[in-house]
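**Q** Take a look at the letters that make up each chain.
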Amino acid sequence: DTGVSQDPRHKITKRGQNVTFRCDPISEHNRLYWYRQTLGQGPEFLTYFQNEAQLEKSRLLSDRFSAERPKGSFSTLEIQRTEQGDSAMYLCASSSSPRGTRSSYEQYFGPGTRLTVT
Amino acid sequence: EDQVTQSPEALRLQEGESSSLNCSYTVSGLRGLFWYRQDPGKGPEFLFTLYSAGEEKEKERLKATLTKKESFLHITAPKPEDSATYLCAVRTYNTDKLIFGTGTRLQVFP
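As given, the protein sequences belong to chains A and B, one line each in that order.
For any residue, its number in the working numbering is found by taking its place in the first sequence, counting from 1, and adding 210.
For any residue, its number in the working numbering is found by taking its place in the second sequence, counting from 1, and adding 215.
For reference, chain A alone in the conformation it holds in the complex (with noise of 0.2 Å):
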């Protein structure tokens, strides 16, 4: 399978706990993204990176959610001090970016990790 996989799948941390969760790309893509999405909500646009350079956050983005990209590969998106308004669906996309080509705009999802915060 050489589809975009993240890891874990399901996570339940207590009120205040630090998670971390990782995202590797689909192999060739130089573009990285994270979503987050609530319950009959669509994904929100939390932050991307192109290779290892984190270019555009979101306000969505607190001062306790770190994303890093080391080497351009693999993600993770860190949570600090967990709330429970932290509980939700999050998602990692990928694409690419060829010159000239329009198919570089189409980002490819993960399964996602499901976030629980008691």
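These aren't lab readings, by the way, just hints derived from the structure by calculation.
Cβ atoms here follow ideal geometry from the backbone N, Cα and C, with glycine treated the same way.
The hints are all genuine.
Once the Cα atoms are required to be at most 27 Å apart in a straight line, the calculated DSSO-like pairs of lysine-lysine come out as: (1) B/Lys278 / B/Lys294; (2) A/Lys221 / A/Lys267; (3) A/Lys281 / A/Lys221; (4) A/Lys267 / B/Lys257; (5) B/Lys284 / B/Lys274; (6) B/Lys274 / B/Lys294; (7) B/Lys274 / B/Lys257; (8) B/Lys257 / A/Lys221; (9) A/Lys224 / B/Lys257.
Beyond 12 Å from chain B on every Cβ pair, some chain A residues (computed): (10) Glu278; (11) Pro280; (12) Ser283; (13) Phe284; (14) Thr286.
Here the structure of chain A is known, so what remains is to put chain B in place on it, guided by the hints.
**A** Same frame as chain A, now just chain B:
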């Protein structure tokens, strides 16, 4: 502010009963409109990209169309396996992120 609105929120169809889902958008400059399918507990699955008004894309029982203000996802003779939430998203010239609507939850009954 860039915005995407989908309607209806939920749609129940009998197997074989064709219908359309609507996605209206207000954006500063459209660089692409995307349709995704999402099954419960899973990530969105890419279906179509549309770039300019008048463009159409087809895949099996699905056909997506685009105007300057909205997109339609037409479902012809749906089957129970087409039951899912269908998400619409736009990409603008200002950013690489996708802006999603809240989706249409489709249920097809045999």
